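Residue numbers (my numbering), protein chains in the order written: chain A, 341 to 665; chain B, -4 to 550.
Don't take each hint at face value.
In silico DMTMM-like links for lysine to aspartate or glutamate, alpha-carbon gap of 20 Å or less [said to hold, decoys possible]:
1. B:Lys365 to A:Asp410
2. B:Lys308 to A:Asp401
3. B:Lys124 to A:Asp389
4. B:Lys290 to B:Asp167
5. B:Lys91 to A:Asp375
6. B:Lys120 to A:Asp410
7. B:Lys308 to A:Glu385
8. B:Lys365 to A:Asp401
9. B:Lys387 to B:Glu358
Honestly, the hints are just simulated from the structure, not real lab data.
Note that this is a predicted model, so its numbers are computed, not measured.
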Amino acid sequence: MRFWPFLGRRLIQTVVTLFAVVTLMWALFRLIPGDPTTVFLGAGELPPDAVAALRKSWGLDAPLWQQYLDYLRNLLTGNLGLSFYYRRPVLEILLPMLWNTLVLMAFAVTAATLVGIAVGSWLGWRRGDKTEQIGTLLVLIPRALPIFWIGILLQMAFAYGLGWFPIGGMRTPAFIPETRLELLPGYDLAVHMVLPLLAAVIYFVTDPLMIMRTSMLEVAGDDFVTFARATGLPERRVRHLARRNAILPVLTYTAIMVSFAFGGQVLLEVVFSWPGMGRLMVSSVTQRDYPVAQAAFFFMAVVVIVLNLVLDMLYAVLDPRITYE
Amino acid sequence: MGISRRSFLHVVGAFVGASALTDTVLEGLGTTARRAEAAVTPGGVVPPLNYWIPNWPDQIEISNQATAAWQKLGLTVEVQQGTLDTWTAQIVGEHKMPHLGSMSWGGAPDRLEPDYFLTEFLYSKRMTKGGLNYGNYSNPKYDKLIEAQRQEMDPAKRQKLVWEAQVTSAADNPSLVLLHRDYVQAYNTARFEGVVPVLGSGIAMPYIPWSYFKMKPKTARKLVKVTSIYDIHTLNPFATPEVHNSTLLRWIYPPFVIRDENTNISPWTAESWKVVNPTTVEVVLRDGMKFHDGKPVTVDDAKFTFDYILQHKFPALSRVPDSIESVEVADRRTLRFRLKAPFAPFVASVLGFTFIAPKHIWEKVGAGLKTPADWPNDQPIGSGAFSFGEWKKGEYLFLKTNKAHWMPPHIDGVYWLPVPSLDNQIGMLERGEADMLGWNVDLKQAERISQTKDLKVVRSATHGVHEIRMNADMPPVSDPKVRLALSTAIDRKQISEIVFGGAATVAGNTFITPLSKPWSNPNVSNPAPSIDKAREILKAAGYTWNAEGKLVYPK
């Protein structure tokens, strides 16, 4: 078994990739015109002298190569720096927003993957009949809709129209439970989560579903399926076997979905006033809050790369035919 | 193996896309700069005017109106839209100003002091990068008047200088001042009554917060929920110059003087003040004030705060070291300020912006920090009518009423809810999830809001201003006659009607709104709109038109 050399090679690749990502991001943020003091300039809130003083206190007057080296050194020692805008350590800003995003997205990605696998394999198994044709069409509709539009429609129907759910936010400020239902722990959060979660699932579900369907179609023609049928296994068992074999591409895609979900969905967050990563990332870019923006994108890159690595390792477990080459 | 490389390329691809975009933006700016270098060709066609606007709906509509008018003068106008941050970085930060640049300035309370607009926008020493005189207006006579009014501690004499300065700049038309947009806000009348509209703050903005001091609850729920597009970013009053954040912190850390309902300066934590001589000001503190932790507010705390600011030179409070030489304790309740030079805006801009921080807390701050401005100040202790309740980033800021205050508000506290989408803010108001709209809607939205029972829309004037600045160094707008023609061609009243449904005060030829008395000079008006008149002005200045009707430079 050549597992360890393979892992070693992959780890080196991972480090090189991360370094490249970090460098690119660092450079790109500095390519955008302006710097963190621009926020105060535009509103005319600080005179030029005070801006210069601020820039100096943030080390932005140092030559760029030095700022870059400082950044790398800090990153290596695990110091993500101080947010210029919030004047607090980056993690203190990032983690609460990351948590808010994960609360929503963990449910959304899990639900989308499970529903996608179930419905996708069902549709794929019914290749050619009417249900499959209509089903595929129905699934493709939300795929073509922008997520904010799905969100707004849900909001119009269930918040403005029926009044079942709040319009936005994560919590009711000064929430006083009045019914026994409202006394349940997490009730307020759950109520606020329903619509954004629904919108996210509708938006996310199509890809795993369609991948599962296609994969199912491929597997359906394989020899082992024919053999299983020939042995007289009930159709349900055969489908189960096929599904196990077809699941791999969906899992790969889930890794990608997770990394996107990690960054939040800025449009969804705006529609539902959800205080998550997407809004933080956008505002940190417009505010030129380099440390927060860099850390957020760095996290995302790490998640993408590490998840891919883990998945590569997992392949062999999930499908014994795959070997490390 | 393959996956990692693919995903890496994916990430790279995304960034390359972003950088290509940045390149396009930068290239566009390069073009602007190159065009500026093109010298005037006598008898040549006037080149297209580059006009840069922020990508906001009202600015886009204004630029459409203005462009249509200027095309009738034989001009070609190229409008470029940008996000606010790029606009600011290039035009304010780098002073890469094209021919024309649109901007609107909000009604921050600082801008009620006439010195703000007159100096920041048009004084020649503000032409440096980062300064707001990005139109490069420079007039020695104007500069002298500005310097004189800054030094004139007698309000009556100062008013004359301020009026004369406005006459001087109006003759040069450095900017097309368009209008002062009204705030259109709304609140729930079933729950609260007694809101107070104030110039520049409306009924709901946190700047001059009379509504929150005066409003009365009509039900048992005495907490007010207000929506805003902004959240604060720090609880440290020494850290931020940002107006939403710093004014909300002034609810906790009140200033020495405050604007009353008619925007006259009135005592707040100061009981009175006296200009002893042009460089000495004495301030008597209100008696019996207490910090939120129960300790008394003393003159020592006040002196400590100023010394602290002078020592640490906080950029957010740079106006203190800029104007104050030293601060002394004159007696148990009196503070004596020695100014570096006579400074007329001292009371409004310095005493109206600074505050008293408790010495017993802040003297211990700073160990291990580069500056006390980086201290989180998680439990702010001030002496204001509101004390700190809770801050959940991105969700709400809760300020609760300080019942021990000498003028306690009738409500129990205020929740400031940052809601990025204005539609959601309106929806929350309609659904009763919020009580007051702390942002600004247009008249169409206002009409919709008024249809909901119990909701009342309140329109109130501001001193914020929409303007189109012109680059005085770039032909053809370097020619005051051309600037006058551009000004004559646009119809401000019509713009106000079309863009804001008339919810605006049409501006005079000065940044100071006609409603700001006594500082606004009523005698500086903009020319009556007329395309014919504008063409006559150009003709008289020697400009002609070619066969295609394009404007041609004088020979």
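Results of checking the hints against the structure:
no., hint, in the structure
1, B:Lys365 to A:Asp410, "17 Å, holds"
2, B:Lys308 to A:Asp401, "18 Å, holds"
3, B:Lys124 to A:Asp389, "10 Å, holds"
4, B:Lys290 to B:Asp167, "56 Å, violated"
5, B:Lys91 to A:Asp375, "15 Å, holds"
6, B:Lys120 to A:Asp410, "35 Å, violated"
7, B:Lys308 to A:Glu385, "16 Å, holds"
8, B:Lys365 to A:Asp401, "16 Å, holds"
9, B:Lys387 to B:Glu358, "27 Å, violated"
The structure shown violates the earlier hints numbered 4, 6, 9.
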